[in-house]
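Let the hints inform the model, and build the full structure from the sequences given.
Protein chains in written order, with the working numbering: chain S, 1 to 291; chain D, 1 to 320.
Be careful, since some hints might not be right.
[Claimed, not checked] Derived lysine-lysine pairs resembling DSS-like cross-links, with alpha carbons at most 27 Å apart: (1) S:Lys165 - D:Lys103; (2) S:Lys276 - D:Lys175; (3) D:Lys175 - D:Lys286; (4) D:Lys103 - S:Lys282; (5) D:Lys103 - S:Lys162.
[As the list claims (entries may be wrong)] The following residues of chain S were derived to be distant from chain D, with all beta-carbon distances above 10 Å: (6) Thr2; (7) Gln84; (8) Ala210.
Derived by calculation from the structure, the hints in this document are not laboratory data.
As the structure is a computational prediction, the values presented were derived from the model and not from experiment.
Every residue, glycine too, gets a C-beta built ideally from N, C-alpha and C.
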Amino acid sequence: MTYTLWILLTASLVGVTCGLVGVFLILRQMAMMADAISHTVLLGIVLAFLITRELQGMHMLIGALLAGLLTAFLVQWLHSLDVQLDASMGIVFTTLFAIGVILISTSVGNAHLDVQHALMGEITFIPWEKTTLPILGEIPKATAMLGFVLFIILFMIILLYKEWKITTFDPLLAASLGIPVLLLHYIFMGMVSLTTVASFDAVGAIMVVAMLITPAASSYLWTDRLPVMLILSPLFGVMSAFLGYFIAAWIDTSISGSMAFATGIIFLISFLFSPKHGLIMKSRQTEQLET
Amino acid sequence: MEANCIFFEGVRKMSLLFSSNLQWVMFSTMILGIAAGAIGCLSYFRRQNLLSDALAHAALPGVVVAFLLIGEKNMLVLIAGAAGSALVGAFFIQWITTSSRIKEDTAMGMILSIFYGAGIMLLTVANRTAGGNQSGLDTFIFGQAASMVRHDVITMAVLALVVIAIVTLAYKEWKIFLFDPEFANGIGLSIKGMNILYTLLLVTTIVIGIQAVGVILMAAMMIIPAVSSRYWTQNFGRMLILSSLFGGLSGVFGTLISALGKGWPTGPFVILVSACFFLFSLFFGKEKGLLVVYWKRKGQWKKLRTASPDVTPLMTKGVK
Chain S
1 MTYTLWILLT
11 ASLVGVTCGL
21 VGVFLILRQM
31 AMMADAISHT
41 VLLGIVLAFL
51 ITRELQGMHM
61 LIGALLAGLL
71 TAFLVQWLHS
81 LDVQLDASMG
91 IVFTTLFAIG
101 VILISTSVGN
111 AHLDVQHALM
121 GEITFIPWEK
131 TTLPILGEIP
141 KATAMLGFVL
151 FIILFMIILL
161 YKEWKITTFD
171 PLLAASLGIP
181 VLLLHYIFMG
191 MVSLTTVASF
201 DAVGAIMVVA
211 MLITPAASSY
221 LWTDRLPVML
231 ILSPLFGVMS
241 AFLGYFIAAW
251 IDTSISGSMA
261 FATGIIFLIS
271 FLFSPKHGLI
281 MKSRQTEQLE
291 T
Chain D
1 MEANCIFFEG
11 VRKMSLLFSS
21 NLQWVMFSTM
31 ILGIAAGAIG
41 CLSYFRRQNL
51 LSDALAHAAL
61 PGVVVAFLLI
71 GEKNMLVLIA
81 GAAGSALVGA
91 FFIQWITTSS
101 RIKEDTAMGM
111 ILSIFYGAGI
121 MLLTVANRTA
131 GGNQSGLDTF
141 IFGQAASMVR
151 HDVITMAVLA
161 LVVIAIVTLA
171 YKEWKIFLFD
181 PEFANGIGLS
191 IKGMNILYTL
201 LLVTTIVIGI
211 QAVGVILMAA
221 MMIIPAVSSR
231 YWTQNFGRML
241 ILSSLFGGLS
251 GVFGTLISAL
261 GKGWPTGPFV
271 ILVSACFFLF
281 SLFFGKEKGL
291 LVVYWKRKGQ
301 WKKLRTASPD
311 VTPLMTKGVK
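Okay, structure coming up:
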């Protein structure tokens with residue numbers, strides 16, 4: 001496969017994985033948790049590197065998963081002590097991120113870890129680092145990792161679909177039915193961390209946030225049904241990936257940056273023209289009511 | 001009062017060790033900490049703690065556009081650009097939240113990442129054009145207090161002082177605005193006007209902080225001191241002073257620690273010191289600190305036990 005195709009495939013995998021997780025994220029009103037986890041994942045990666053002294057996919061995945069869960073746990077703990085939810089997020093993620101940056105600049109030295117690179121991400125180099133897998137042959141590492149994570153996410157969503165639905169829309173009912181709401185919350189945070197770290201490696205932290213939140217928010221404007229949202233949101237993610245790639249190629253700039261920007265374009269279109277909750281439709285309805 | 005003392009102390013020190021660059025940096029992080037601590041209290045009571053995070057990220061495209069327009073790194077122009085795009089971001093968040101079913105936190109996350117993405121696009125272009133890379137635009141955005149020169153510090157200090165002055169002078173108005181909006185309407189205080197003023201102050205504080213601590217950690221400068229001060233007092237005025245004090249002290253000590261090692265970043269150490277203040281307050285604070293809560297609970301247990309010994313078994317579970 002050619003260079004461009006690998007980039008588009010990797011970015012589409014990010015779009016699909018983030019799109020699926022994002023739907024639950026915004027419905028549970030935890031959008032900013034994506035921002036928080038995407039930053040603390042850095043600490044997990046640094047720690048994994050300091051312990052194992054190598055930058056390898058599996059170690060990073062585990063380190064980031066633990067960092068994500070630690071974030072979720074600390075945020076929950078502070079919140080249970082009467083700190084406002086958004087304030088506890090703000091305290092936890094910035095502090096853990098600061099520790100990560102300090103560790104990088106004091107002890108990691110000249111490893112292939114660079115804060116700026118990690119945050120901006122550059123998908124351009126993805127196709128060069130390949131690995132060989134059985135059956136599939138030689139494919140880029142990041143793409144393989146994303147495929148693996150997408151499989152886990154899909155499996156978890158399908159396996160616990162009913163539970164996700166009830167805990168998302170009616171946590172009180174879920175609790176009264178004996179569904180372990182808090183355990184599911186932590187499982188979900190684990191899924192967010194996995195998604196973040198797999199995509200983080202490919203496209204950088206900020207694009208992960210864009211891909212997690214924006215396509216899901218766009219799909220929320222088109223439909224009221226969860227299954228439809230779960231189809232639309234990944235679709236918007238893939239569309240943003242393609243649109244972003246072509247914008248980047250056109251003005252010759254950062255691919256990840258313009259993919260994040262492209263999610264915004266798709267949101268803007270949904271915000272204005274969606275037949276259900278779009279701005280234009282709404283103003284037309286009020287006009288009709290007035291006459 | 002105490003915040004003021006710190007300020008004058010800083011000025012005195014600065015005049016003593018005029019030549020040292022460290023003093024300049026320390027002064028700038030301190031005054032930034034004071035301003036951010038004060039504004040953070042307002043955000044805390046408006047329940048908009050993470051708005052500062054979103055707006056700090058949203059400032060990025062403005063910085064780059066300002067740089068591309070004038071072609072050099074002039075702090076005042078970059079700040080103006082940053083403020084412009086942060087305000088556009090704030091407007092979008094407000095617009096999306098009020099005119100669609102999208103919730104505020106989702107809107108903040110979207111604006112944060114989309115603006116940042118656009119900023120990175122522009123930054124790549126700017127770095128490609130001649131001289132962009134040497135301009136130090138990257139250090140401006142990701143924060144490197146050590147790279148600040150005297151001129152930058154003065155610009156920053158003046159703006160921070162304006163912010164501090166407005167918060168102090170309109171103290172009564174802020175109180176009414178935050179805690180009793182209906183009363184504000186009654187006495188003819190415009191809530192909309194106060195809201196605009198609040199957003200302007202928030203954006204100003206964020207953009208002057210970007211160069212010192214970077215876009216990501218700017219939010220921490222506002223959130224952590226405010227929450228910490230909550231553990232010591234219930235009084236809004238005292239909270240403002242205490243929060244500014246925590247912010248200012250974090251700035252000073254963080255800068256000092258970061259000066260100990262070569263190439264140690266300032267921003268993260270400032271945040272770390274701030275986090276230590278928070279942990280200390282969380283455990284030992286006199287209002288709702290963990291230790292005080294524990295003692296109070298223990299006392300109530302004892303009272304209950306002596307009053308009616310038979311209820312003790314019932315209380316082993318879920319005492320709050």
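> Looking back at the hints listed earlier, which ones does the structure fail to meet?
Replying inline: 2, 7 and 8
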